[in-house]
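Asks: Spelled out from the first residue to the last, the chains are:
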Amino acid sequence: MDAIFIIEQLLNGLGYGFMLFLLAAGLTLVFGIMDTMNLAHGSLFMAGAYIAARVHESSGSFAGAVLIAILATVLIAAVIEILIIRRLYSRDHLAQVLATFGIILLADDAVKAIWGPSPIMAPTPPALAGPVQLLDALPYPSYRLLMIAAGLLVAIGLYLLVNHTRVGMLVRAGASNRAMAEFMGVRVGRVFSFVFALGAALAALAGALMGPISAVQIGMGEAILIPALVVIVIGGIGSVRGAFVAALIVGLVDTAGRAFLPPLLRAVLPPSLAADLGPAMAGIAMYVLMAVILTLKPAGLFPARA
Amino acid sequence: MFKLKNAALALALCGALGAQAADPIKVGIALDISGPFAAAGAEARDGFDLAIDKLGGKLGGQPAEFLKTDFAGNPEQATQLVTRYLQRDKITFFTGPIASNSALAVAPALFAAKVPFISSNPGPSQFAGKQCNPYFFGQYQNDTYDEAAGKLANEKGYKNMVIIAPNYPAGKDHLNGFKRLYKGGLKDEIYTKVGQIDYAAEIAQIRAAKPDAVFFFLPGAMGINFVKQFVGGGLKDVPLIAPGFSADQDVIQAVGEPMLGLYNTAHWTHDLPLPANAEFVSAFRKKYDGRYPTVYAAMAYDAILAMDAAVRDTGGKTDSPEALVKALSTPSFKSVRGEFTYARNHYPVQDYYLRVVEKDADGKLTNKLVGKVLEKHQDAYVAECAM
Chain X
671 MDAIFIIEQL LNGLGYGFML FLLAAGLTLV FGIMDTMNLA HGSLFMAGAY
721 IAARVHESSG SFAGAVLIAI LATVLIAAVI EILIIRRLYS RDHLAQVLAT
771 FGIILLADDA VKAIWGPSPI MAPTPPALAG PVQLLDALPY PSYRLLMIAA
821 GLLVAIGLYL LVNHTRVGML VRAGASNRAM AEFMGVRVGR VFSFVFALGA
871 ALAALAGALM GPISAVQIGM GEAILIPALV VIVIGGIGSV RGAFVAALIV
921 GLVDTAGRAF LPPLLRAVLP PSLAADLGPA MAGIAMYVLM AVILTLKPAG
971 LFPARA
Chain P
351 MFKLKNAALA LALCGALGAQ AADPIKVGIA LDISGPFAAA GAEARDGFDL
401 AIDKLGGKLG GQPAEFLKTD FAGNPEQATQ LVTRYLQRDK ITFFTGPIAS
451 NSALAVAPAL FAAKVPFISS NPGPSQFAGK QCNPYFFGQY QNDTYDEAAG
501 KLANEKGYKN MVIIAPNYPA GKDHLNGFKR LYKGGLKDEI YTKVGQIDYA
551 AEIAQIRAAK PDAVFFFLPG AMGINFVKQF VGGGLKDVPL IAPGFSADQD
601 VIQAVGEPML GLYNTAHWTH DLPLPANAEF VSAFRKKYDG RYPTVYAAMA
651 YDAILAMDAA VRDTGGKTDS PEALVKALST PSFKSVRGEF TYARNHYPVQ
701 DYYLRVVEKD ADGKLTNKLV GKVLEKHQDA YVAECAM
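Quick mapping for you: the protein sequence lines, in order, are chains X and P. The numbering of the first sequence is our numbering, which starts it at 671 and goes up by one. The numbering of the second sequence is our numbering, which starts it at 351 and goes up by one.
For reference, chain P alone in the conformation it holds in the complex:
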C-alpha cells in the first residue's frame, strides 16, 4: 500500500514536471499591498490585473503565469521574494515594488540573472546615471515630475516661492529637481520632520513670507496633513504646486475640498485624449466601481503591456535575455501616456502634463488635464550613464 502511494506520488510529480516542460512565461510581481505603500500598491495591483485580463492571461499570445506575492513594502522581504522568483520559479520578467528603496534592493540579483526589471513606478536616479543597467526599464525618473513643476512655475510667472519637503535624501532630491528648471527666487526652503503631523509652524512661516506660490514634496500622509492645515490656516489664495503623486486620486479622496485648484505635474493623466488611454480608463472604471485610476495603476498596466509587446517582437524567443532587452528598449505597444522612446539609460523621453484638481460632471473631485508642460523631456542623469 505504501509503495503504491509512493508510486502515485512519483507519477504525480512526473506529471507536474511534464506540465512544466511546456513552460508558460513566468512574470514575478512583487506586490506592495500591505505596509507603508499599501494604498499605491493596491492601485498598482488593480492595474496589473486589468492588463492581465485584457491579454487573456497571455503574453505575446503565449501562455503566461503571473506570480503575485505581497512583500509589505519591506526591502529585505522583497529581496527574499526575488531570490525565490529567480531560483525556484525561474521568472522571465520582474515588476512591482512601489518605493525606490525596494527597487534598489532587489535590482542587483535581477541584473545578475539577466531578468528584465520593468519598473511599475520607482525611477531612482542611481539607475538613470552611474549605475544604469540594460535590464532596468523606468517609467519616469523621480526628479522629472519636480522639473516639470519648476517649468510650470516659470510659465505662471511666479517670482517668489516657498518650497517645502521632509528632511531626508529624497526630499532634498525633489527640491533640487524643482530648482533645476525654476528660474524665479526662493523666499524660503523649508525642511520638515519625516512623518510630521502638525504643520502650523511652517504655515505661519509661509504666511509671513507672502510667496506667489508654494511647491511641496510631502509624500503620503504628510501631504494630506499639510494641505488640510494649509487651507484651514486661511492660505487658500496662495497657489499650491506638487508633483503628481501628492495630488493623485488616492490623496484627493482623502483630503476632499481643500484640494480644489491644486496644480500638479505628471507624465500621464486619466483624461489624456488617446484611444489607448480611453480604453484603459473606461475598462478600469468599469471593473473597479467607477473609481478613477491613479498614475500607479496606469504604469502597472503599461508594464504588463510592455512585456506583451516584447514577447511578440522577439517572436517568442523568451529564453534570450538580450533579445528581450532589445525588444523592450523599442516599445511597440500603445502606451496609455502616448508615444515615448527610451534613452540609452532605459528611462523614457516623454511629455509631462499639468493637471489641476477640479470637479467632474458628477461633482466628483478629480484631476483635469490643463496642458503640456515639458515636451520630449529627458532626465538630468543620462549623461552619467556609460551604457
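In isolation and in its complexed conformation, chain X is listed as follows:
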C-alpha cells in the first residue's frame, strides 16, 4: 500500500462524495425548506438519467443532453408539484411518504412502458472516456474529475443562491416561519414551487452525470436514495452546507472502508475470519458513521433550524 494508492483512494472517496452531494443537495433543499419528504426525488434522478442517455445517443451532444434532461425533468416535476405535492405541504410526513412512494411506483412503470424493462445505454462522451495522467503513476478517469468539478460548481452556486440573493432570502424566510413570511407579503407557495423545481433540476443533473458510469435502469433512483438519505441525516436535514460536508465524509469513509479495511484485517486476523469480516464491516461503515454522529449530535452536523 504505497502513497499513490492512498492518494488514489482519497480521490475516489471525494468523487463518490460529490456524486452523493449532487443528489443529496436537492433532497435536503426540498425536505429542509419545505418540510416535505419527497421519496420521489430518486424518480426525478432516474428521469434525468434516461432522458440524457436517449438525447445523447440520438444527438451526439453530451452537454445538450444534460441541458435537455434538466429542462424536461423540471417540467415533469412541475406537473407532479401542481397535481400532488402542492396538496401535501400541510399534511404530515406519513402522508407525504405514502404519496411520494406512490409516485415512485408510477414512475417505474411509466419508464418501463416508454423505454422497456432492460437497462439502456448511456454512452460516455468520447472526449472523457479515458483516464487522465494526474501524477506519473496515477491515471485517473477523466469523467470522475468532471463529476468532482460539477459537484463543486453546484455547491458554490447553491451557497451564493441561498445566502446572497433575494430569492434565497425569501426561501430562508419561508422556511423559518411560513406564516410570518406570508403576513409580510411573501408568496410562499411560489417560493416552494421554485425550490421544488430547483431540487428536480439538481436530481436531473445528478442522473444525467451518473448515467455514463452506472446502469441506467428502472429502480436506479431507489438504489442511490439510501446513501443520499444517510448524507442528509448526517449533515442535518435542510442544510445544504451539512449535505456538502456529510457527502464528502460519507464518500471518504465508505471508500476507505472498502479499500483499507480488508487488507488491514487480513494483517491482524486469521485469513478466513478476515475474509468474512472485511467486506461485512466495509458494507456497514457508512451506517456506523451515521450512528456515531447522531449519538453525538442528534440533529446532524449542521442543524438547519438551530
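Hints may contain errors.
With a cut-off of at most 25 Å between alpha-carbon atoms, the simulated DMTMM-like pairs for lysine to aspartate or glutamate come out as follows [stated by the list, open to error]:
id	chain 1	residue 1	chain 2	residue 2
1	P	K714	P	D562
2	P	K509	X	D672
3	P	K560	X	E852
4	P	K440	P	D420
5	P	K586	X	D672
Since the hints were derived computationally from the structure, they do not count as laboratory data. Keep in mind it's a predicted model, so treat the numbers as computed, not measured.
Given the coordinates of chain X, assemble chain P onto it according to the supplied hints.
Replies: For chain P alone, kept in the frame of chain X given last:
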C-alpha cells in the same frame, strides 16, 4: 325472469364444464416481467411465446393452454400463484421463474403434486445435490458457468487473477465455482456490497494488484456499473471474464463499447451452428425487430419444446406424472444448445462454450462463438443426489 336468468347461468356453467371435459393440457408459466428480474423475464416470455407460436399452441399435437401470470420476482407471490395453478387450474407442467429463490420457494408444492417443473433458467445447487427431485429439470447448474470460466482461465494461461463478487451466498458460490477448475494463483478475492454503485475503490485495488485477468460475478446493474467504471478507469488492457449472464445481449446493449472483447462462458450462444438453433434465432429476430435472443429466451424456448416432446413420447398420457418424468428425462427434441442428456439429478450433461463480445456485420455489438470450453460437463453436486 329471475329464474330464467339462473337457468341460463346454469346452462352456461354446464357448457363451461363440458368444455373442460375435453381438457387441454395446461401449462403454468410464472412470468417475471416486472420487479427486479423484469429484463430477463421479458426475454424468457418472448422465448416462450415463440415456441408456443411454432407449435401452433399445441403440445405433442394435443390442444394446450398456456397460463401466463406475472409474479414480479417475488417468491411469496410466486408461491401463491403456483398454489392457484395447482388447485384451480390443475396444471400438467410448470416453468417460468428467473431467480433461484423463487424456484426454491415454489418447488415443494409442485413436487408434492407431482407436477414436473421444467426450469427455464435457475439451476440451484440444492436440487442438483441433496434435495434433488425427479420432478425438477434444470437447464444448467448455476456453478457450471463459473467452472467453464475457470477452465478458460487455465487455457489462456492466466497465473494471477483477481476475482470479484457481491458479498452474499450466491456471490461466494459463484467464486467457489470458478476456483473449482482454476489452477492459477489469486492475487485478491474481493467481495463488494450488494447493489453497489461505485466501484472506484475496488478498481484501484485491481490496478495495484496488476493481475493477468479479472473474473467477475456481478449480476444485473452491478455488472453494468463495474464494467463501465473498469474501462473508464484505464484498465481496458486487463482482460475481463464473466459468466454468460453478465455479458448477454441485455447487458451488452446497456453498456455499449466498453463490453468489446469481454470473454464469457455459456451453454448456448446465438451463433451455434446447428439447424435447430439457426431456426430459433432467425424466427426470434424476425418476430422481435431484429433483436438477438439472450440465453434466457433460448432456455424458455427449449422448456416448451421439452414439454412438447414429452407429451408426444408418452403417447399423450399426460395424466401419468411418472410417464411424463420418464419421457422428460430422455429429451428427444432438437435443443437449440445441441445434444445433451440428463444425469440422474435431472441436470444436463452438456457442452459449455466461450463467447467474446464483438461487432457483427452491421456494426452491432453482440457475442461471437469462440469455441468449446467444457465437453459433456456435469455439475459438482450430482454425487450428493440419492435419486
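Asks: Need the list of violated hint numbers for this structure, in ascending order.
Replies: Going through the list in order, the structure violates hints 1 and 3 and respects the others.
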